[in-house]
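Protein chains in written order, with my numbering: chain D, 7 to 274; chain F, 170 to 421.
FYI, nobody ran anything at the bench for these hints, they're computed from the structure.
Possibly wrong hints are sitting among the right ones.
[Stated by the list, open to error] Which bits of chain F does chain D cover? Going by a derived footprint, with three or more residues having C-beta under 8 Å, they are:
#1 193-204
#2 237-247
#3 263-277
[Stated by the list, open to error] From chain D, some residues computed to sit far from chain F (all C-beta separations above 10 Å):
#4 Arg25
#5 Arg51
#6 Leu70
#7 Pro92
#8 Gly159
#9 Leu193
#10 Ala238
The beta carbon of each residue, even a glycine, is placed where N, CA and C say it ideally should be.
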Amino acid sequence: MNRGPRGGTAHPSDQLLHRYSHDQDIPADQLWAVESHLESCGPCRGRLAPEPIAEAVWAGLEPLLDATPQMPRTRAWRRVHAWVSPAAGPWLAMILLVTAAAVALDRVGVVVGDRVSLVVLVAPVLPVLGVAASWGRSLDPAHELTAATPRAGLPLVLRRTAAVLAVTVPGLAAAGLLTGIGVVRWLLPCLAFTVGTLALGTLIGVTRAAVVLVAAWAVVIVAPTIAFSRTALAFDQAATPVWAGLLVAGLVVTAVRRMTFTRLEGNR
Amino acid sequence: MTAPTTYAWEIEARDLRVRAGRKMAVDGVTLALGRGVHGLLGPNGAGKTTLIRALATVLKPASGELNLLGGMELRELRRRVGYLPQEFGHYRRFTVREFVAYVAWLKEMRDIPAAVQRAVERVGLADRADDRLKTLSGGMIRRVGIAQAIVNDPEVLLLDEPTAGLDPAQRLKFRELLTEIGTDTCVLVSTHLVEDVAAACTDVLLLSQGKLVFQGTPDQLAAKGTGQHPGDSPIERGYSAVLGFPHRPGSW
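Excised from the complex, chain F in its bound form (with noise of 0.2 Å):
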């Protein structure tokens, strides 16, 4: 069991900002996350992988506040953080232990071994382990990066796109692990699949051209949509009216 905690919210921001190049891509943000899985959505553009690396502690905010477990030393914060990043970027001849491994360490974690055995097991690659990431498919390696991230058993999750190349019985486990991972984490999902956070997410983002223009419940924001929003789910349709498209059949 954990230690019960001294803080409020796993993820806290005020009005934050952050740059990415010359551009402000988010620009103002405001949230409190607690336990569960949260998803992050958005168009292209909209700011969310640069929201996910400023949780990540790798981009400095511009301006704002972000407290993340309460605030607590860079060091100690990261140890307690698991993270992957959009481009998930790998070494191809380190076998799927040995590279779980390498991050473990990076981690600065103890007893290494047990804690890749069991990552590597609970994204059902127990039987790939020590073959080399480069005779792994795509699928596989989002799930390697998925290892990587879990390995020290984080408090803090923050996964930017890991949907993208898992075929749809993947994608079905895949919310199974984050439904399990919820309960006792907090985790932050960017995606662009709307119907994957309609399946495995308790609580709604939705970013904008570097702004938060909703969040509540899946339910809430399907509660927004009509038959007038373009869309194949009533989820599908409250993403497009929270965004303001209109429905105008064939345009991009």
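Next comes chain D alone, as it looks inside the complex (with noise of 0.2 Å):
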């Protein structure tokens, strides 16, 4: 062999390099030089990798790989789920038909009078659902199994009524700007419904808090709507601080009773 650059030994020869690849026989000494030389040359390395031998592991190996079990679009799946209910997603679907719904009748205008607002009387008994879906016993048929772990309690609670309130409140946020209805007539009514499902659902359960609270809302709310074909009182100027005063209430109650949510008696 020559010597070659920087006093290392010389590039070998194809022929030198196949025979060393293929595991046929070369004298020691050859066989030495090659190795060294290989260890410190990088192109010479280069020149053995696309040799058939790659190929053959390669064939070997790809349907070992093939077989080796993947998980399908796990992250994605896994981040909505951290967040929505896996029984949630038809409700939420409803919670946004509902409210497209009262903004056309709100457009048409015939069903309750002019002066009241169908998206108004709609938003306060709109994430209820969402929250029972969430947490209820009827609506989720995983709620035993939920409960115990220990994921299970105010912060799982609090992310899926979230993940319910960015449905409904982007929801009723258009339906406010195309019916021209401000923000302050709806919303509050409908974060202290929110809260209140999850306070009373702390002291009877998230179900039954749900059912008593859209009762309530068909008592206070709609029956006199109907009764007089004015919006309701409840929707003045000057019930706002009671709404925000059941809003804070609800809040101290759902922190005060947490841990009810790590318990059977959260779902009923």
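Starting from two chains that each stand alone, build the complex the way the hints lay out.
Written out as structure tokens, the structure is:
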């Protein structure tokens, strides 16, 4: 072999490399020379690589790799269900549908008279159903399983509630823009009913709380609206402090009784 | 290998009372359970489900003492418990893998995909892992329930009627799995199938009207029965004897 650059050994011939890579008989001194040269010479290692050997190894490995179980679409999927209850999907769709229907009927303006907005009327009750689907016994089939896990508790309940509000509030905001209704008139009642479901839920269970609040909505808000053909007193400017007070009271009760959500009584 | 434990019993209860609605469904139960497979037997309404729910920490005992894994913080404890409720509610649109992975996430696990694969293989559902739950048979759904319970390699495993809906061959497989898990885990299985207990359990607990009326090995239970007592096998006759069923053919 000739002396190569930088005082190292010369680059081995193609023929020698081929014999080396196929484990053919090479005199010991040449074998040693090729190996020590390969250790220090990247380009020559590169000359080895495209050999059929690499392809043969790959051909052997590929079917094994294909058989190794792969977890499909795991990340995005889990990130969604870390927030949205797996049982809530259809209910969130329903919330958007009802909002759209309220806008349509408001525009036509025939249902409950000109002075009443359906968007304002449905705003409080929409998130209640979403929350019930997130933590209630009757709408979430895996409630008992969930309640026994370490993640059960107020943080998970709040995440799922946030997911419900993330659908409800933008929907109502869009509805408000389309029908020209101020944010103040629907946002506070909507939030107060949401937190109210959780707060009452810590006392009697989320499912029953949702039933009670829907009934309260029908009696206090829907009935007077139909009876007097005007927006209920509950939506007056003067009622704003009351809604704010209810919201704060609900947050306090929920925080104080948060351990209920780690047990079955929170789902009833 | 697991670290040495600092407690004598995985499950320890003293004079435990648990309410189900207005009724005191578990009424003064004292027990101590270590590793192994413990069968919980008893007629319907005896309080089996209420007891298991209390042990799964989803029901708060009305009185008495309950110590699980030597008593630790609730969240830490729940990471080490596996629970299959009697009514195994599941999300029908999820695949087996998605569902077990979701429960693993609820159990705050790391390296979820590998654990899910292991659990699904242990219950023999590897070939259906990517099928949706709504396409599976009742027996397979039960096995998904068992897979989600064991996905976190629990130290305490609570199974409420896990063999309901399994065919005889699947029940044999299930008993093998139980015996295997029971070597390093405290397993409590409630069932009304006496033969399951005889075959797979190291220990039997018999609950009647909220009270523990028998605790011992399956052989000891079988020894309680005589030819006078109703039943098709020694252990069934022992069960009848302890519960005090009179021998009246034809009566319920």
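Comparing the hints with the structure gives:
Judged by the Cβ-Cβ criterion of 8 Å, the stretch 193-204 of chain F is not covered by chain D as claimed, because only 0 of its residues qualify and three are needed. Requiring three or more residues with a Cβ within less than 8 Å of a Cβ of chain D, the coverage given for the stretch 237-247 of chain F holds, as 4 such residues are present. Check result for the stretch 263-277 of chain F against chain D: holds, 10 residues qualifying (beta carbon to beta carbon below 8 Å, three or more required). The non-interface label for arginine 25 of chain D is consistent with chain F: the shortest C-beta to C-beta separation is roughly 44 Å, beyond 10 Å.
Residue placement check: arginine 51 of chain D keeps its beta carbon more than 10 Å from all beta carbons of chain F (closest about 35 Å). The beta carbon of leucine 70 of chain D sits about 16 Å from the closest Cβ of chain F, which is more than 10 Å, so the claim that it is off the interface holds. The Cβ of proline 92 of chain D sits about 5 Å from the closest Cβ of chain F, inside the 10 Å cut-off, so the non-interface label is violated. Its beta-carbon lying about 8 Å from the closest one in chain F, glycine 159 of chain D breaks the requirement of being farther than 10 Å from that chain.
Even its closest Cβ contact with chain F, about 32 Å, leaves leucine 193 of chain D beyond 10 Å, as expected for a residue assigned away from the interface. Taking the minimum C-beta to C-beta distance to chain F, about 37 Å, the non-interface status of alanine 238 of chain D holds against the 10 Å cut.
Violation of the numbered hints given earlier is confined to hints 1, 7 and 8; the remaining hints are satisfied by the structure.
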